[in-house]
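Engineer: Residues per chain are reported as follows:
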Amino acid sequence: MANLVVADVHGSSIDESTHKTVTAALAIGGDVDILIAGSGADDAAAAAAKISGVRKVLHADDPAYAHRLAEPLADLIVSVAGDYDAILKTAATTGKNVMPRVAALLDVMQISEIVSVEAPDTFVRPIYAGNAMATVKSNDAKKVITVRATSFKAAEEGGSAAVEKVSAAADPGLSSFVGEELTKSDRPELTGAKIVISGGRALASYENFEKYIFPIADKLGAAVGASRAAVDAGYVPNDYQVGQTGKVVAPELYIAVGISGAIQHLAGMKDSKVIVAINKDEDAPIFQVADYGLVADLFNALPELEQAL
Amino acid sequence: MKVLVPVKRVIDYNVKVRVKSDQSGVDLANVKMSMNPFDEIAVEEAIRLKEGGTATEIVAISIGPEKAQDQIRQALAMGADRGILIKTDDDIEPLGVAKLLKAVVEEEKPELVILGKQAIDDDSNQTGQMLAALLGWSQGTFASKVEKDGDKLNVTREIDGGLQTISLALPAIVTTDLRLNEPRYASLPNIMKAKKKPLDVKEIGDFGVDVAPRLETIKVSEPPKREAGVKVETVAELVDKLKNEAGVL
Ligand SMILES: Cc1cc2nc3c(=O)[nH]c(=O)nc-3n(C[C@H](O)[C@H](O)[C@H](O)COP(=O)(O)OP(=O)(O)OC[C@H]3O[C@@H](n4cnc5c(N)ncnc54)[C@H](O)[C@@H]3O)c2cc1C
Ligand SMILES: Nc1ncnc2c1ncn2[C@@H]1O[C@H](COP(=O)(O)O)[C@@H](O)[C@H]1O
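Residue numbers (this note's numbering), protein chains in the order written: chain Y, 1 to 309; chain H, 1001 to 1249.
One chain only, chain H, in its complex shape:
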């Protein structure tokens, strides 16, 4: 089966963001950008499905700036077969992204789309579920295990109380949780090879879908600051302070 993997270019997870002083957003100038960590896991899972003989072709897709080609190339270097960039300099909301992905799904006809559960910039955790809704497909979110079982897909999901396993009719949407796998590093020869793999660049206008934002950001502010407190020397002092100063014991 063909697998589509959407990958988002986001701020690197090690960077501590700074809020702009005019509260219009966060400062992304000269900040390291990377593939969303959950999307690396999605790419890895697709590759494992291909290595296991379940997947036949892996298409990586990103909606973002010209530079998002870097993240698609990374997916290609890891083992995806080809890439699609839908170029835009605007921030497209999850609903808009899901509508664009739906259009691509209708063209490409994959049997499975694997997304990250959450983009670590907007922390929305929506796109996969929305795409499933728009396509009328089944969804297996927050996956920690994915297995083909005849014409079904068994997905083990991380839920609040532990783990839940469900069986999905195909075609299906899966979103990845952290423990699904550990993504591989691309080797140098594979990085070189990836440069020759096909990468189609499209414009949002090619799709005729409405991606106008529904949410308006009024302001972006600093979270309440927490000051470092005191260091205690001993366990006895700690217990004393918790009892008599903080009153929490």
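Next comes chain Y alone, as it looks inside the complex:
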């Protein structure tokens, strides 16, 4: 039995979630290989080869993979799929985009966003915004799986897998890259951060994020998140959104500021180890999941908190 992890490649590096998806692949059992698809991604392939427990790294290098476009990437994955029983990728935006395309080309049902492996064919995944957990058994010969990275421990470093070049699949030429607007930040990446501080609608402006949230984030070395309401209102960029349809985080400490606690938001953060809520409404639903609740006006509490840290 052998499983393939399709790494998330950013330029010449791999996303840290790759280590976690490797752990999920190892839990299924059998050998685990990694596929690196990128353009000028030798360093990414070398990094993947160092993950402990990996048998070999397949490396396809072609300009077609530079921007992670779904159509060429799916065709590449399908071209190597014959050798594998399960194909896994992190349930981040690239995995969500490309893996269902792979599944349909292979005529199998994808198992989306698993949080645990019960048996080689049986997995647990959240449904209804995490208000229910479904245990599902796949009857397809080949499994196509996306993995909720926060639910798995990162595989260790220390491997020395061989890197094998594989040829690119023909580019179907259905879509082309126009441009990208990436959020620049020196803060840790949201999904991997140990501490996350998120602001909601109550922040009322970007300036208030800058004045009240960012200084605390910087003192704590924390990532900054937000509710959909704050993102919708344009206070912060879309990739800050935590929740059912945004990012799922599970840090050691999650601080929710001026966020009411709608089920869609809770879906993205309720597996955090310690939750703090700061809200001026003592009946806000966020307090039902918070380990420590502070009923206060954020505009008074946050400057005080920054002082106290």
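Hints in this document: simulated from the structure, not taken from any laboratory.
Some hints here could point you the wrong way.
As the list claims (entries may be wrong) - Here are the simulated lysine to any residue pairs, SDA-like style, with alpha carbons at most 20 angstroms apart: (1) Lys270(Y) to Ala229(Y); (2) Lys1219(H) to Thr135(Y); (3) Lys280(Y) to Ser205(Y); (4) Lys1219(H) to Val124(Y); (5) Lys1152(H) to Pro172(Y); (6) Lys1016(H) to Asn131(Y); (7) Lys270(Y) to Gly192(Y).
Please read all numbers here as calculations on a predicted model, not as lab measurements.
The hints should help you fit chain H with the ligands onto chain Y, whose structure is shown.
Structural biologist: Then chain H with the ligands, alone, in the frame of chain Y:
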């Protein structure tokens, strides 16, 4: 161009679901059902393309129970031109839905299919991508902006690091993200008019595609419960507890 918009009847997003005590699923008896929120955004986008002169006809389609006619009627009241219901009381998986939609696409020949990125019941996020694969079409998922550009479609997508814009050859599949638009409410006169718009009802058997499930649900259980903790009175107390009790600072 003709636009096809698949709309799913799902539990209303405000309802907190309950898991059945026998763990066979969630309790949907007497629960409010609505159009999947992402599909409302898809319908709205199609209407805007029509108002902008790009789209010519909008066909709303649902695969679901008799009652899914309500969601199709809502799409018609918002501004879609006609509807198709493929009637079934079974839960059809995304792969099966994609196969049915492919059959409909081959009949209707739209140039664009706009789906929601995710149904909020199964949270699968698969159907649009699968349909694109089965048709051999381009895909622009998680769209926050859609613009016709000559014989191409420019789609701005919400990705982990920010936004990505790609250009799609037509025909194409688009799936909607939340910020693409804000769906309109149907006015009363339009709700009345929608009752007269054509709505075809078909059966799965009419299509001759295999929609047998590939996944077997062994059980559906409650997620781990989180208990409410304590309220602290002051910021100083909060910091003290985080340092000395929780040990996270
Ligand atoms: C299909 C769908 C998907 C969704 N996905 C997501 C998602 O992924 N993530 C997400 O977050 N939401 C999501 N939502 C939206 C969600 O339902 C809520 O609308 C949203 O989370 C509310 O954001 P909020 O808590 O910031 O705003 P509100 O609900 O308006 O809450 C603001 C809170 O701030 C408090 N407050 C106000 N002023 C102050 C002050 N001065 N000091 C302290 N507290 C104050 C108020 O008491 C209130 O509790 C989704 C909705 C739908 C329909
Ligand atoms: N039964 C259905 N009827 C109509 N459209 C559907 C159905 N199931 C899924 N869809 C469409 O596919 C999208 C994604 O659903 P899913 O892949 O289940 O998360 C939805 O937002 C709908 O646009």
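Engineer: Which hints from the list above does the structure break, by number from lowest to highest?
Structural biologist: none
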